[in-house]
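Peer 1: Chains as they are written, first to last, in our numbering: chain A, 1 to 357; chain B, 1 to 357.
If you are wondering where the hints come from, they were derived from the structure by calculation, not from laboratory data.
A hint or two may mislead.
Which copy? The list can't say, so a pair holds if one copy fits it or any two copies do.
Computed cross-link-like contacts, DSS-like style, restricted to lysine-lysine with a CA-CA straight-line distance of at most 27 Å [said to hold, decoys possible]:
1) K45 / K14
2) K169 / K124
3) K45 / K134
4) K290 / K212
In this text the structure is predicted, and so the values were computed from the model without any measurement.
There are 2 protein chains.
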Amino acid sequence: METQSKMIEITKTKNSRINEVDFDNLSFGKVCSDHMMICDYKDGKWGTPQVLPYGPMPMEPSSKVFHYGQAVFEGMKAFKDEDGKVWLFRPEQNFNRINISAKRLAIPEFPKEYFFEALETILKLDKDWIKPGKGNSLYIRPFVIGTENGVSASPSSEYRFIIICCPAKAYYSSPVKVTIAQQYSRSADGGVGFAKAAGNYAAQFYPTNLAKEKGYQQVIWTDANTHEYLEECGTMNVFFRVGDKLLTAPTNDRILDGITRKSIIALAEDDGVEVEVRRVAVKEIVEAAKNGELKEVFGAGTAATIVPFLGFDFNEEYYELPKVENSYGSKFKTKLQDIQYNMAEDKFDWRYEVKVD
Amino acid sequence: METQSKMIEITKTKNSRINEVDFDNLSFGKVCSDHMMICDYKDGKWGTPQVLPYGPMPMEPSSKVFHYGQAVFEGMKAFKDEDGKVWLFRPEQNFNRINISAKRLAIPEFPKEYFFEALETILKLDKDWIKPGKGNSLYIRPFVIGTENGVSASPSSEYRFIIICCPAKAYYSSPVKVTIAQQYSRSADGGVGFAKAAGNYAAQFYPTNLAKEKGYQQVIWTDANTHEYLEECGTMNVFFRVGDKLLTAPTNDRILDGITRKSIIALAEDDGVEVEVRRVAVKEIVEAAKNGELKEVFGAGTAATIVPFLGFDFNEEYYELPKVENSYGSKFKTKLQDIQYNMAEDKFDWRYEVKVD
Ligand SMILES: Cc1ncc(COP(=O)(O)O)c(C=O)c1O
Ligand SMILES: Cc1ncc(COP(=O)(O)O)c(C=O)c1O
């Protein structure tokens, strides 16, 4: 045990796995970096965070997380610039959001100083896992799980907060076609859709598999009551460009308040593009597709950055999107990545440097 | 390793924990019996089920269940009669239901013969954990979790099916008051409410905590769209006795198709009680409470059996339920338990004997 940090106990790996990894052929989220953080909550308080070698942990089969899905997570990325400096993107947003998610799932909030100190400790130890170059990053997955043993359906009295990291390249390796949900739904009013709650994702797998069988990689979810309004998509918020305007749904208790989404809104407005944050009707988008006004549809999220959709399916009809020059999707992706990789001015103060040397 | 069963590998415990357990003071779900079953799914098929001593299992932090809540479960009970014979109650219903739940969560179905052979093997080994006497039982928790390592938001390619058992007495130790949901909701149309999906339960914890702060142990969920219709409650379906009629909500894709519920409907009809399975409006129940027509409200589920509610809260007003003689709740609880404990004729063929000697 070495202690380089005031508040964290650190155990370094003796056997780095970095040389076993083919960084040119990464499958998203499959390989974890050398170190992780764990911190246990017991008797009403969080214990000392520990950074230690990534590896399996013993879990009792009666542990609450397996039975009642009491778990929330975050997704963020570390980027390396050409000078070897390491940057996070708006990390305080992820920190705030995991505690918002935690509250809705009756999970105790995690202390801010532990979160940032743990991130910096791991990134320092695992800095060689972050490769420079646009598209390369270290995906960071903070998550909390209920660890009390016992199968009564009530909140856990014990939790484990964990941070693991996975080197990443592009999330989608092929172009994305989507289908608009008309039967299944992702979340209810008064439910947990706005939280990054584990169960929200498993609930999407079966309808997404049905979509895949028809050749669509993702589902754009609609409101559960009427299926008339477009909401979000897998692990992305969705933008529609109609004419020169950019449309996206407002966040509510069914939709995740995405950090990429709010950054794109800011970048677009800064760029003089008119952005309408309002309910977007399926009918309106189908109409716009028919009359040629619909120029682009793209998804936006940390893992995938910005992903242009090739087309969408609605009511068994496929609407192909045009190929536009100067697409908003690629323009704002470039602007976003230029900030993330320290290649452009950071006028919004979004970059957060992690000193790794 | 001993093999007493054709299809299951059995490893018996060398150190039974049974003498450490105070069977008169059990807290629901806290203590597990000596043995459990695990069976792993890999490369597209289920491997050999293993019955082995209950204990921790190593899990990688990147295991899908922690991130995406891909997990479903069941709840059933084994009962012992005065002759030491052991009985399950309609176990094929639980088997069918876990596969219905699994399908919705994109989890592969589990083979029927493994399920029953595993149950019988565990109950034989742990028969002394089942105590005779009404109210005593061995609660059985079959569950499946996604175990592939990797944090991409897609269905797991590997799973573990597990069965653990917990000796149980009454679920609720004190009388239950409930509140009617007007803001939060449990599930959406087109969602996973009808499945015993892990995430459905964590989603209830926070609103239930808010209810508890006001003195109510549970929330009766209403439809997410309008909050006008009564649905279910924690881990129970709900019955309302208005005059001499018994009302309960129909099952749909938001409501679990409870085995206790359908058994009570059958017992009531057999007893000449008129049962209406139809949407039950909050307004109607509040009216009935005001004019004295509402005689009873009770919850029904495997863990809790039948639990009479003392009263309910709606719109910040508390409606106390009358004390009725010959209550339906206690009558059908007696009839149900008499069948479960082999104390009455089993005209519906619900009992399933497990040969433990
Ligand atoms: C459901 C959902 N919507 C949207 C997003 C995009 O959010 P962000 O841009 O903060 O990554 C994510 C992923 O994080 C998500 O899980
Ligand atoms: C949400 C929910 N509703 C109802 C029930 C009652 O179902 P059963 O009678 O089959 O136990 C349960 C528990 O199993 C449940 O989890």
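Peer 1: Decide, hint by hint, whether the structure agrees.
Peer 2: Going down the list of hints, with the structure as the test:
1. Taking the closest pair of Cα atoms, K45 and K14 never come within 27 Å of each other, the shortest separation being 31 Å inside a single copy and 36 Å across copies.
2. For the identical chains of this complex, K169 and K124 are intra-copy neighbours only, at 20 Å inside a copy versus 52 Å across copies, given an alpha-carbon limit of 27 Å.
3. In this assembly of identical chains, the alpha carbons of K45 and K134 never lie at most 27 Å apart, being 40 Å within a copy and 40 Å across copies at closest.
4. In this homomeric assembly, K290 and K212 come within 27 Å of each other (Cα to Cα) only inside a single copy, at 24 Å, whereas the closest approach across copies is 53 Å.
Comparing the model with each numbered hint stated earlier shows that hints 1, 3 do not hold.
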